[in-house]
Amino acid sequence: MAKQIGIQAAIADLKKHTLPGLPGDIARLVYLAATRDYNTGRYYHEGLSHIYTQEFAARALQECHNDVFRDLVRLSIEDLLVQFELYVSSGCAQADEFVDFWEKAEPYRVTIPLASDPISAQLFNSNVKIALAILRHRESNPRNSSRAALLQP
Amino acid sequence: MIPALFSIVVGVLLLGILTYWAFRRPWSASESRSSPADRSKALRLELPPADLIERVLDPRDLAFVRKESPAETVRLFEQERRALAISWLRHTRREVGRLMSYHAGAVRQNINLRPALEIKLGLHYVRFLVVYELILGLSYIRGPFQIRPVMGCVVGVTTQLRGVSDKLLGAAQFSTPASAPPPTQ
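From first to last, the protein sequence lines are chains A and B.
The numbering used here numbers the first residue of the first sequence as 1 and each following residue consecutively.
The numbering used here numbers the first residue of the second sequence as 1 and each following residue consecutively.
Isolated chain A, as found in the complex (with noise of 0.2 Å):
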């Protein structure tokens, strides 16, 4: 119980002082699968750990990333794709840099959690993959779409 109440409470305290400074849902599941260490599957977070405890921060961010995963897997390619242009436009890289190295080395497959389904983890793969097609478009062709000029800095 004391347990729960402690992993709950971390929970509340990722939702309330970290995910929302993040710019929208892509953004917070990148930030969410780099606190995943590459070799073990084990989530860290300093900050989280020294307040809870380090299972508790890791239960915490395992169950935030999840969340956001699920969220990001039912909404539509219109929706996906504000996404994806609200993450550019906060300056994390160029738009056509990032729809470049995205394609290339596809980073999204390491952000998918582990305990999704694996339909799930082939519908979210598939959707970035046309997210990312009609990005590029977008940015060869601006007169085509309404929310270039959101690209444009």
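What the hints contain is simulated information worked out from the structure, not anything from laboratory work.
Take these hints with a grain of salt, some might be off.
[To be verified] If you want a taste of the chain B side facing chain A, the calculated C-beta under 8 Å gives, among others:
#1 Ser7
#2 Pro49
#3 Val56
#4 Asp58
#5 Asp61
#6 Ser69
#7 Ala71
#8 Leu84
#9 Ile86
#10 His91
#11 Thr159
Note that beta-carbon positions come from the ideal geometry of N, C-alpha and C, so glycine has one too.
Chain B: place on chain A using the hints.
Just chain B, lined up with the frame of chain A:
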């Protein structure tokens, strides 16, 4: 004298075999102790989420991609959606197959079969296989978005099949004395 002795030996052997069959336990100890919930847990049926196929075949996505992207992206999108629909169908088929194998194994050791439910389960399974093959064929011939209206059939038949199987596995639980529920105090 020798034929009579031979007959006695054969008779004793047959009696021994019959005694062994009559007194052997119909369930193994570990199986008889487990509840349907435990067995269901052990089975770990992992059907893909039903709402996900709605998302995969959402026509609004197709309309948006057609409006916003060139023909090659639309083709890629349709290919991806077909692959996803087929993955969803195959995953469901695999899990239903697993459920049937598990069920067959469980009822084989159960002496009190329920023929009506057994036949119902068999009919649901045949119905599932027919629907599965038809939809799989349609997805290749007509494309993924044309099969959307009939995808609900797969979900419906799978739910019915699972319901009947649960009933049967539950009935099997209480059909042997060793697996009777513990007395209440």
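Interface hint check: proline 49/B, Cβ to nearest Cβ on chain A, cutoff 8 Å. Holds or violated?
holds, 7 Å
So, as I understand it, the hint says leucine 84/B touches chain A; can you test that by seeing if any CB pair is closer than 8 Å?
Holds, because the Cβ-Cβ distance from leucine 84/B to chain A comes to roughly 6 Å (cut-off 8 Å).
Is the hint on serine 69/B kept, meaning its closest Cβ partner in chain A is under 8 Å away?
Holds, about 5 Å.
Just to be careful: measuring from the Cβ of alanine 71/B to every Cβ in chain A, is the smallest value less than 8 Å?
violated, 11 Å
Is the interface hint for serine 7/B satisfied, with its Cβ closer than 8 Å to some Cβ of chain A?
violated, 64 Å
Quick check on the hint: histidine 91/B CB to chain A CB, less than 8 Å?
Holds. Min distance 6 Å.
Minimum beta-carbon distance criterion (8 Å), threonine 159/B to chain A:
Because about 17 Å separates threonine 159/B from the closest Cβ in chain A, which is outside the 8 Å limit, the hint is violated.
Grab the minimum C-beta distance from isoleucine 86/B to chain A and call the hint holds if it beats 8 Å, violated otherwise.
Since chain A brings no Cβ nearer than about 11 Å to isoleucine 86/B, farther than 8 Å, the hint is violated.
Does the interface hint hold: is aspartate 58/B within less than 8 Å of chain A, judged Cβ to Cβ?
Hint holds; aspartate 58/B Cβ to chain A Cβ min 7 Å, cut 8 Å.
Hint valine 56/B vs chain A: min CB-CB distance below 8 Å?
holds, 6 Å
Quick check on aspartate 61/B please, does its C-beta sit within 8 Å of some C-beta on chain A?
holds, 5 Å
Comparing the model with each earlier hint shows violations of hints 1, 7, 9, 11; every other hint is respected.
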